[in-house]
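Student: Single-letter residue listing:
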Amino acid sequence: MQEGTPKRKVHIDERLFERIRQGEQDAFRVLYEISYRPLYAFLLSYTQNAEDAKDLLQDTYIQVFKNCHMYHEKGNPMAWMMKIAKNLYLMQSREEKKAVINYEDMKDQLSFDNITNVDNRIVLEKMFELLSIEDRNLIIIHDIGGLTYREIAKLLALPLGTVLSRYHRVIRKLRKEFGEKL
Amino acid sequence: MKKREMKKRIEDGFSELAPDIFETVWEAAEELELVGFKADAIQLADQQNGCMAKAQEHGGQDRISFEFGKAFTNRFPRYVLSMCACLAVICLCIFGVRGNSQDVVYMVLDINPSIQVEMNRANQVKRLRGLNQDGKDVVKELKWKKEEPVQELLDVLLQDVVDKSYLGENGGILVTLSAPDKEICEKLEHALGEGIDRKLTELKVPGVMTAFQQAKADHAKQGRKILEAELEQSCGMRQEEVEQMSVMELIQYCQDYTSVELKLSEVSAKEREAQVQQKKEDKVSPKTENLADKEKDDQKIKGQKSDDQKQKNQMPDDQKPDDQKPVVKDEPDDLLSEEDEQTEEPPFDGEDSLPEEEEQQPEEKNLPQEAVPGEPPPSAGESLSGEVVEPGDANSQTEPPKEGLEQNKPDQGSVEDEDSVQENEPGMNEDSQGSEEDNAPIQMVTPGQSGIEKDLIVK
Numbered sequence: 001m002q003e004g005t006p007k008r009k010v011h012i013d014e015r016l017f018e019r020i021r022q023g024e025q026d027a028f029r030v031l032y033e034i035s036y037r038p039l040y041a042f043l044l045s046y047t048q049n050a051e052d053a054k055d056l057l058q059d060t061y062i063q064v065f066k067n068c069h070m071y072h073e074k075g076n077p078m079a080w081m082m083k084i085a086k087n088l089y090l091m092q093s094r095e096e097k098k099a100v101i102n103y104e105d106m107k108d109q110l111s112f113d114n115i116t117n118v119d120n121r122i123v124l125e126k127m128f129e130l131l132s133i134e135d136r137n138l139i140i141i142h143d144i145g146g147l148t149y150r151e152i153a154k155l156l157a158l159p160l161g162t163v164l165s166r167y168h169r170v171i172r173k174l175r176k177e178f179g180e181k182l
Numbered sequence: 183m184k185k186r187e188m189k190k191r192i193e194d195g196f197s198e199l200a201p202d203i204f205e206t207v208w209e210a211a212e213e214l215e216l217v218g219f220k221a222d223a224i225q226l227a228d229q230q231n232g233c234m235a236k237a238q239e240h241g242g243q244d245r246i247s248f249e250f251g252k253a254f255t256n257r258f259p260r261y262v263l264s265m266c267a268c269l270a271v272i273c274l275c276i277f278g279v280r281g282n283s284q285d286v287v288y289m290v291l292d293i294n295p296s297i298q299v300e301m302n303r304a305n306q307v308k309r310l311r312g313l314n315q316d317g318k319d320v321v322k323e324l325k326w327k328k329e330e331p332v333q334e335l336l337d338v339l340l341q342d343v344v345d346k347s348y349l350g351e352n353g354g355i356l357v358t359l360s361a362p363d364k365e366i367c368e369k370l371e372h373a374l375g376e377g378i379d380r381k382l383t384e385l386k387v388p389g390v391m392t393a394f395q396q397a398k399a400d401h402a403k404q405g406r407k408i409l410e411a412e413l414e415q416s417c418g419m420r421q422e423e424v425e426q427m428s429v430m431e432l433i434q435y436c437q438d439y440t441s442v443e444l445k446l447s448e449v450s451a452k453e454r455e456a457q458v459q460q461k462k463e464d465k466v467s468p469k470t471e472n473l474a475d476k477e478k479d480d481q482k483i484k485g486q487k488s489d490d491q492k493q494k495n496q497m498p499d500d501q502k503p504d505d506q507k508p509v510v511k512d513e514p515d516d517l518l519s520e521e522d523e524q525t526e527e528p529p530f531d532g533e534d535s536l537p538e539e540e541e542q543q544p545e546e547k548n549l550p551q552e553a554v555p556g557e558p559p560p561s562a563g564e565s566l567s568g569e570v571v572e573p574g575d576a577n578s579q580t581e582p583p584k585e586g587l588e589q590n591k592p593d594q595g596s597v598e599d600e601d602s603v604q605e606n607e608p609g610m611n612e613d614s615q616g617s618e619e620d621n622a623p624i625q626m627v628t629p630g631q632s633g634i635e636k637d638l639i640v641k
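Which chain is which? The protein sequence lines are A and B, in order. For the record, in the first sequence the residue sitting at position 121 is 121 according to our numbering, with numbers rising by one throughout. Basically our numbering = 1-based index in the second sequence + 182.
Honestly, the hints are just simulated from the structure, not real lab data. Please note: incorrect hints may appear among the correct ones.
What the simulated footprint calls covered on chain B by chain A, stretch by stretch (three residues with Cβ under 8 Å from a Cβ of chain A suffice, anywhere in the stretch; the number is not a length) [stated by the list, open to error]: (1) 188-199; (2) 208-214.
Quick look at which bits of chain A chain B covers, simulated, 3 or more residues with Cβ under 8 Å [unchecked claim]: (3) 50-59; (4) 78-92; (5) 130-139; (6) 151-165.
Yeah, the Cβ is synthetic: ideal placement off N, Cα and C, and Gly gets one too.
All chains should be built: construct the whole structure from the sequences, respecting the hints.
Tutor: Set out below in structure tokens:
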């Protein structure tokens, strides 16, 4: 990490891409370990389907591997990977003509049974139940992916003010919900 | 629940949900030969990084991009590109205009008025321009449409010109064409000639001579100016004289005395042939008849001429035909040829008779002369074909040439001039006149004659 850069929640060393370009499997493994959880959460939020999210995650890493030489050391690598994931999702949605997925339709396919911790499972269930896709994405991108508000605004093509206000509203909403029940 | 705790639970929940599919991804990458792709990818990346580095050197840090278009704009500053674009536009304008100008066909109509017609290859009129004041007036009042066929314009124009009495019987139309291609001119000549003949027949304007000539587009002179210049050069005529000539005269003079290529329309050509034929007949008949009937006619002619002479002597000098005007004594000597100068007699002493040559000359001068192309135009009293025209002949279509013509023809008419000089030579006695009486019908009283001589002539 370069000196003077802010400490991120998910930090990806940009030299990893150089090593991946040279075909180092370990470097790719490191990158995967750091980034696959936020990316999966992001894709699951979009697709609301574990299998689709898994497929898209695989495609995302293939694209990252293929295009790692295209990455230039400017900005957050996590933001770049999330952009790839989002574009892949939109492409798939366009192809399948199901850009807007109704949660009710996907309800049966989305299962949080794998989560052993009951509180964690309840939180995720409530999150997917109460929040819209955009609101969920804000929480995931910021709190799991570690992107700044500015990076979120750029990724989701939203004004910075909108991102800020919407994020805090979503947090208040969740706290209100979980404060009563948990 | 605290905010931090809530975030922790969300993160943990997704961590449990997220599958570890690294092996699957790696295998997929290997299947797609992405691992082998690396070498090419590295090479490509190096190239692009090189581009980026150069771009950074040029100060385009905010415009770093791997896209070709942007790299292009980084390499070539915008002002250079805009300059190139401006140059391209200017070149297009210049060559576009020049390209169009090559396709333009110009036609100059001289009637008078003189009008320039600009048209395209399809013979559609683009512009009209009056070359003289009459032309400007006609163009101003003419009703024509842009891009209408030139034939229609000609119909309207001829109608207008005839209505305004610019063109009448025995008029002339000179059409000068200049086109990039000679074939275009020839086709136009044919089409326009037919059109003009048809329209003139419609308008019942006979005897109009329509002539076509071709000129280069970049020629400094257009229309009748070309013919005027040719006449000035080859015949030595003065500019003022040439400018005063009608179009008909210009055409006829140029056909007879210059090497200018003039093409006549069908009707005009026929008329011209008929005229030439008639002249030939006129030339042949006097020769044969003169020899046989000369003696018989002489007496009649004498009587007629003596009557005419009396009448003409009473006329002022300006109204007399040129060949009967009194010859001024100090006429320049260069009018006489060298031979004539050798045989030129000294001032008349009252006793010598005329030499034999002079006695034979009157017969020769009555014979018609053939017009030879390249020779200077005939003097006053002669037709265009060189025939001697009787003084006061009403059928002579053309005006007698101007003074300049006489000055520039030292050979022609030298015998006549000498003859007339001899006839009017002061000091010539009665006997000599009496011997020349048949051949010198004109007896003029010149200022140099003595009182006795005047009395004799009157008697």
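Student: Does each hint fit the structure? Answer for all of them.
Tutor: Taking the hints in turn, this is what the structure says about them:
1. 188-199: Satisfied; 11 residues make the cut.
2. 208-214: Coverage by chain A holds for the region 208-214 of chain B (4 residues, Cβ < 8 Å).
3. 50-59: holds (count 4)
4. 78-92: The restraint on the region 78-92 of chain A is violated, since only 0 of its residues have a Cβ under 8 Å from chain B and three are required.
5. 130-139: Contact hint for the region 130-139 of chain A vs chain B: violated, 1 residues under 8 Å.
6. 151-165: As far as the region 151-165 of chain A goes, the hint is violated, because 0 residues have Cβ atoms under 8 Å from chain B.
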